[in-house]
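2 protein chains.
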Amino acid sequence: MTLQLYYWPGLPGRGEFVRLALEQAGAPYVDLVRDTPKGMAALMEIMEDEGATPPFAPPFLKDGKHIIGQTAAILLHLGDTLNLTPRDPFKRIWVHQMQLTIVDAVAEVHNVHHPIAVSAYYEDQKPEARRAAKAFRDERIPKFLGWFERILGNDERGGKWLAGRSVSYADLSLFHLVEGLRYAFPKAMKRHQPELPRVMALADAVRDLPNIAAYLKSPRRLAFNEDGIFRHYPELDG
Amino acid sequence: MTLQLYYWPGLPGRGEFVRLALEQAGAPYVDLVRDTPKGMAALMEIMEDEGATPPFAPPFLKDGKHIIGQTAAILLHLGDTLNLTPRDPFKRIWVHQMQLTIVDAVAEVHNVHHPIAVSAYYEDQKPEARRAAKAFRDERIPKFLGWFERILGNDERGGKWLAGRSVSYADLSLFHLVEGLRYAFPKAMKRHQPELPRVMALADAVRDLPNIAAYLKSPRRLAFNEDGIFRHYPELDG
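Heads up: the sequence lines are chains A and B, in that order. Take the first sequence: its letters are residues 1 to 238, numbered as in the working numbering. Take the second sequence: its letters are residues 1 to 238, numbered as in the working numbering.
Simulated from the structure, these hints should not be mistaken for lab results. None of the values given here were measured: they were computed from a predicted structure. Incorrect hints may have been included.
The list cannot tell twin chains apart, which means a pair is met if one copy fits it or any two copies do.
DSS-like mimics (lysine-lysine), calculated; alpha carbons at most 25 angstroms apart, straight line [what the hints assert, rightly or not]: (1) Lys126 <-> Lys160; (2) Lys65 <-> Lys160; (3) Lys160 <-> Lys91; (4) Lys91 <-> Lys65; (5) Lys38 <-> Lys160; (6) Lys126 <-> Lys38; (7) Lys91 <-> Lys187; (8) Lys190 <-> Lys126; (9) Lys38 <-> Lys134; (10) Lys126 <-> Lys91; (11) Lys91 <-> Lys134; (12) Lys65 <-> Lys217.
Full structure from sequences and hints, please.
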């Protein structure tokens, strides 16, 4: 059955973590708002009218009659149905734990340019964003990516991916986190990268997966921009 | 087997969402840092030395030889093993989706008193916190709790709890979110409560569960305080 992804158009955003999983698995899906003329109306209708299990916010996925919201919950579901997570229950929850840490990092990235209020313009919180950015660049990037570097440095996991032999949705998401951080904070990432050789190698390995490589060259891959989560404001880098 | 919960002492924090699940299920557990003299050393040792699956931050749970971090991942695991989530896969992921939305709300609550940097003192970001608090009180509290009110208003779920007939970890967490918001923002919550009768009734129903009622009266239940996530700074309420 064709899966339906619902997400805001024009930005990679949180929807991109879901797209990467769908693309790697070669799953049949429609990116509804981008691919169909009435997609936006359909998204709004579900947000307003969906009965018992309304999504809190996009992205959400429609799988048959079921609606699933929250990026990490969507990936938990797709991990099982598209073979992007181990079957062993503890390894499966380990992959989810890594994903939730990526979700936390993504929320902090957004907080850098919107420290005061998500509803206010960046222009109205620029001095605060500058202070938030410095702390994020100097403390949080090395903390988050350093944790993944440490995981990748442990050979007990039994393979080149985060959870061992097979690529998981957490690998795909870590790739996108790295790409996003490089876009938003090129100078800071250049400073941190020498301490993160394994994370960088993993990002390269994801980029080279045949399905991902094909996707990245396709028009389906949206460029990062300043409407999204990862925004390049030169005044926030350094 | 006795479960081991690892969390910072002296504050309810994110550990409390895990405690509530353990208490409701009557699970044998040790709150390691609080209950054992060398608990803090054990926590630090796992943070620094745990090999293949290190936790990013407390809380984390030790179940046999397995370590699980991230509040929502711990609850996903306990939901299955302690019968605090439905068995149907889509209902199970729906409960998780609600939990992840509570996790988002909790992160935003923390951001209110630390909008610039988690590593800086509240005293060094007070004017920013004041602005962040206003947006959180006026926009985010009604958005988050209003979503749960809408869910509870739909009778299709087939029972008094968020996911129907049986209490789930999301119900317990929603109770704690409401308690925390009432502690931190008593004036704002007084304004919003009339629009949230079902959420308030659910919080009352959780409070009255025999195991939870006994727990809340016990010394195991920590009071909210200004080291935690939910902090009552009068200047941030209104």
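Hint numbers the structure violates, sorted upward?
-> Result: hints 1, 5, 6, 7, 9, 10, 11, 12 break, sorted rising.
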